[in-house]
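Peer 1: Residue-level listing of the chains:
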Amino acid sequence: MNGPAYASTLELMSGVILVCAVVTLWRRSLSAVVKALAIQGFALGAVALILGIRQHDAVLIVVACLVMASKGVVIPTLLGRVVASDPSSREATPIVNVPASLVGAAALTFLAYGATQPVVALIPTTAGRLVPLGFATLLIGFFSMVVRRKAISQIVGLLLVDNGIALVAFLATAGVPLLVELGASLDVLLAVVVLRVLAAQMWSKFGVLDLDQLRELRD
Amino acid sequence: MLALVVLAVPFGAGVASAVAPWRRWVGWLCTASIGAVLVCGVGLAVRVVHGPPVTAFGGVLRVDALSAFMVIVIGAIGVLATWQSVRYLDAELAAGRCSQRHASLYSMLVQGFVTAMLLAVVAGNVGVMWVAVEATTIITTFLVGHRRTRGSLEASWKYIAICSVGIAMAFLGTVLVYLAALHVGHHEHANLDWTSLMAVSHHLDPGVMRLAIALLVLGYGTKVGLAPMHSWLPDAHSQAPAPISALMSGVLLTVAFYALLRFKAIADGALGVALPRALLVAVGLLSLVVAASLLLSQRDYKRMLAYHSVEHMGLIALGAAAGTRLAIAAVLLHILGHGLAKGVLFLTSGEILLAEGTTEIAQVKALLARRPALGGVFAFGLVALLGLPPFSLFVSELNMVRAETQVGLGWAAAISLVCMAVIFGAVMSHGRHMLFGAGPDGEQVHKTPAIVTAPLIGALIGCAILGVLAWPLAGLLRAAAQVVAT
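Protein sequence lines, in the order shown, are assigned to chains A and B.
Position 77 of the first sequence, counted from 1, bears residue number 351 in this note's numbering, the numbering being contiguous throughout.
Position 229 of the second sequence, counted from 1, bears residue number 251 in this note's numbering, the numbering being contiguous throughout.
You may find that some hints are simply not true.
Unchecked claim - Some chain B residues near chain A, calculated using beta-carbon distances under 8 Å:
hint, residue
1, Asp-112
2, Gly-149
3, Glu-156
4, Arg-172
5, Ser-186
6, His-205
7, Val-206
8, Gly-207
9, Leu-214
10, Leu-233
As the list claims (entries may be wrong) - Partial chain B-side listing against chain A, Cβ under 8 Å, derived:
hint, residue
11, Val-150
12, Thr-163
13, Val-197
14, Leu-204
Bear in mind the hints are in silico, worked out from the structure with no lab data behind them.
The C-beta atom is built at its ideal place from N, Cα and C for all residues, glycine as well.
With these hints in hand, go ahead and build the complete structure from the sequences.
Peer 2: Here you go:
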């Protein structure tokens, strides 16, 4: 892949990841949120693929395919089933309303650029310049876990955090060693499965998937 | 070879308990497998105390004195917890609260949980260590929710949501450490092995390492239960079955702390001691203050024990902040002492819950008169946990304070002593309420079977021997402290 094409596709795909994160804050329909997450998973795989082709790194290309399969297909399908079973699958009353959330996302993106100065300074490449986008995605994930009250929204927030970290790892270090990458992906997949099982139990016990129902344990 | 056996034996027992239908002998097989881990841990310790570290799979597994010590800690408390698990499952089955299948699932998960903790401490690669710590979160979530009540469901959700986020931060920190290692110069040798990171630690980029160590302290700190990320801990530890609480509180927290100790050694090399120390002092003191204020008004004895863990994690964070050999040796002794005492107390509290049917402090009265054996173990456990002699926590707390004063952290040690005094008063008053007084007239004295109390008494005696003689661990503690001390 030649220089300009490489740089622009990498920028585009990293940008898509951040935009998808913002979309999860903007859309209140949970099925739309899960779709955004699937697109984000594919974009993340694409980033790894571009880097793998550029650096002639076969391992990274394999990892890219795995990322697309797990984050683009498997996890969104798992979440999609829960959303489909819940007829009122809208984020009804977020603690922070949508316009304020979007302003928050913008502020977090600025913060990400500030916090990653030392990282960007260390890697003077196209990939290095894009690292703040990963941090911004991660911070938006945190934000959405704090302000959203639906069980599914919290899982989505966790996945945003994870995708943000994966983006940083791909851009900054061309992926962590394979053994660690595989272990980490498996752990995330299992965590989502566990959360989904818990959500299903909550559904059968409480009849809603609202975390405001969880208020039994207090000091 | 021995490093591999440590992982294979409990894993094998886990597989056996998954395929065989639940019987008591399966439970005892699991206990025996953890006992074998303890023996292997001692064997490893003997080998590495004076010799080079034991490695396997080209450095993926690596056991030095620090790892061997942690294997012993996991083995010791693991034996207590799996021993008591047999009784817990018997009682649950008898009461019809769980099925045969659930009992099998429970033993399998416990074995998986212990194996994951062992992998975390024998991994030579900090990435593999991370994977293992995250695996403990996933496995224990099901164990926390084993009783399937509304409360335990809530606790499981909070536990996995908060800990997953925390551990994700730790992963980002690990990635940044890797990034710094990649840019040291000779690229091709960079990997996530702890030894190679330590070898280049003085050349790691300080800007990136500052960000990394902050993320690692916050991230692994979540799993350690350090404030301000402790909010999952009292819920999870109070809702989990007693043997699981004992394992989570007694060992899992300190396994996460072990990860922090490893990274602190790398960060000390890259940044000097100031920043890692400041971060650990901040979270340590905050944990102590939070624990002290919440223990005062505690009404539930399992939550009381859980907050007590927050306090002890704060203490070891302060000790690690001092970072000298004396401090680290004291921290490690405290890890073992706290594990034993907290394990005993959680297991006893499980028995109390079984007998009294409540976890409210106000509902439990005159234990010493009504259930002398159980009450006695609980009383001595509290005495050990509060850091009174002859138990080892007294010695380790004393030495941590000494070490902190030596490096100019006397003010922090003073604050920690004030918090400890407050906690001492609070726990004593709760304990007095539960233990003393006369039982209702005509109620006969309840006996507790010796098979329940024997291992608990054994653990307390062990804790006291360590406190008086420091034998047989003195050499191992010195060697282990040398691995990560500044």
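Peer 1: A separate judgement is required for each hint: does it hold in the structure or not?
Peer 2: Hint-by-hint comparison with the structure:
1. Asp-112: 25 Å, violated
2. Gly-149: 3 Å, holds
3. Glu-156: 4 Å, holds
4. Arg-172: 6 Å, holds
5. Ser-186: Check passed: Cβ of Ser-186/B comes within 5 Å of chain A, closer than 8 Å.
6. His-205: Holds - the Cβ of His-205/B comes within 8 Å of chain A, reaching about 6 Å at its closest.
7. Val-206: 11 Å, violated
8. Gly-207: Given a least distance of 13 Å, the restraint on Gly-207/B is violated.
9. Leu-214: 6 Å, holds
10. Leu-233: 6 Å, holds
11. Val-150: For Val-150/B, the interface hint holds, since the closest Cβ of chain A sits about 7 Å away, which is under 8 Å.
12. Thr-163: 5 Å, holds
13. Val-197: 5 Å, holds
14. Leu-204: 6 Å, holds
The structure fails to meet hints 1, 7, 8 from the earlier list, while all remaining hints are met.
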